[in-house]
Amino acid sequence: MSKKIRLLLVVTLCFYTACVSPVRRNSFLDAQYRLVKSSKVSPHTPSQVVKTYQTFISASLGSDCPMYPSCSRYAQLVTSKCGHLEGVLMSSARLQMEFDAQIIGFPIILINRKILYEDIPYRCHF
Amino acid sequence: MKIFLIVAIFNLFILQVLSSENNCLISKQYYVKGVEYFQQRSFLLSAINLSNAQIFACQAKERNEISYRYSLALKELNEPGLAIQELNKLVKQAPEVERKARLTLAVWGVSMEGLDNLEIKKISNLQLMQNNKLLNPESFEEGEREFVTRWNNVHRKNAWISGIASAIVPGSGQVYNGNYQSAGVSFVLNAILLATSINFFDKDIKAAAITSSLFFSVTYLGNIISAVRSTHMFNATQGGALVEEYQNNILNR
Chain A
1 MSKKIRLLLV VTLCFYTACV SPVRRNSFLD AQYRLVKSSK VSPHTPSQVV KTYQTFISAS
61 LGSDCPMYPS CSRYAQLVTS KCGHLEGVLM SSARLQMEFD AQIIGFPIIL INRKILYEDI
121 PYRCHF
Chain B
1 MKIFLIVAIF NLFILQVLSS ENNCLISKQY YVKGVEYFQQ RSFLLSAINL SNAQIFACQA
61 KERNEISYRY SLALKELNEP GLAIQELNKL VKQAPEVERK ARLTLAVWGV SMEGLDNLEI
121 KKISNLQLMQ NNKLLNPESF EEGEREFVTR WNNVHRKNAW ISGIASAIVP GSGQVYNGNY
181 QSAGVSFVLN AILLATSINF FDKDIKAAAI TSSLFFSVTY LGNIISAVRS THMFNATQGG
241 ALVEEYQNNI LNR
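Protein sequences appear in the order of chains A and B. No gaps in the numbering here: position 56 of the first sequence is 56 in our numbering, and each next residue is one more. No gaps in the numbering here: position 38 of the second sequence is 38 in our numbering, and each next residue is one more.
FYI, nobody ran anything at the bench for these hints, they're computed from the structure. Treat the hints with caution; some may be incorrect.
Here are a few chain B residues that sit away from chain A, every Cβ distance over 10 Å (derived from the structure) [as the list claims (entries may be wrong)]:
#1 V35
#2 I198
#3 Y246
Here are some chain A residues pointing at chain B (derived, C-beta under 10 Å) [stated by the list, open to error]:
#4 R24
#5 L29
#6 Q32
#7 M90
#8 S92
#9 I104
#10 C124
#11 H125
Cβ atoms here follow ideal geometry from the backbone N, Cα and C, with glycine treated the same way.
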């Protein structure tokens, strides 16, 4: 199959899947409020591990998490709330979901002209 | 002296009337703003404005209506305890909004006290919809059959299928859900880690083999969890509008 046809196929598939799931828009203020209420640790003060990762590793990798809260903060919040096992598993699951966050149907929030997808860990699953 | 006192009392009375008229206007302005923010889904700002409207409300009827809307905003902010508290107060003290408050408590799954048989039936149907179950058209009235057909025809995916597919081939559950990028990432990540673990085991480098196996187990289980979670979210998104429509129908909104 030629490159153009392959590209067209990918674009059509992405458009189709994007059209399938209607997306809800939430307010950033509400998302911050819900995050603060649902967290045992302060969501505005990252732990040393998360701070080190964000300062050195994340910056050098150039990664830009499209989720709110960011994946490193999410890992810290879930670990503190639900334990290490669930923290590790849920963080791994989230890393594998974030590429299709809009198709999956996470609500969107707008921060400084940037679209982020809200995924606050309200409760523990295990 | 007497005239002075009479004039002073009369002036104080006029001031009270004027300031209470001002309060009513302020309350109305906060209420309008609060409702506007609620419709824009900015529930924190809505709750703040409605709470201010409550303070300045001059009639009990208005205050009760504002309280009801305030409780709706609190529920959206993930404060169900406070929201239920507000509604319970309204059920006891506010006859004008008592029916609405009871229906809202039933819709939230708190209690079906004080509802008639038809309302209880509607709430039970709503609970079935919230659990993503199919509805039986015979338990609905004639006029609602079309709604039932729409609900039963909603495109759903089975979480068991996506979970088992992801367990067999990492990424296939995500393909079933239509999440192709996530599927690609899951497949590649799990394939690399599995291949690395097998390679290290073959070369008898035990420490590295165990480490990469641990990483593989985390990404493998994470892949299954992400497939199941995205199926649940897909189902919630597809049927969400109909659930909201039925809920608004029950609450006459």
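>> Run through the hints listed earlier and report the numbers of any the structure violates, in increasing order.
In response: As far as the earlier hints go, only 10 is violated by this structure.
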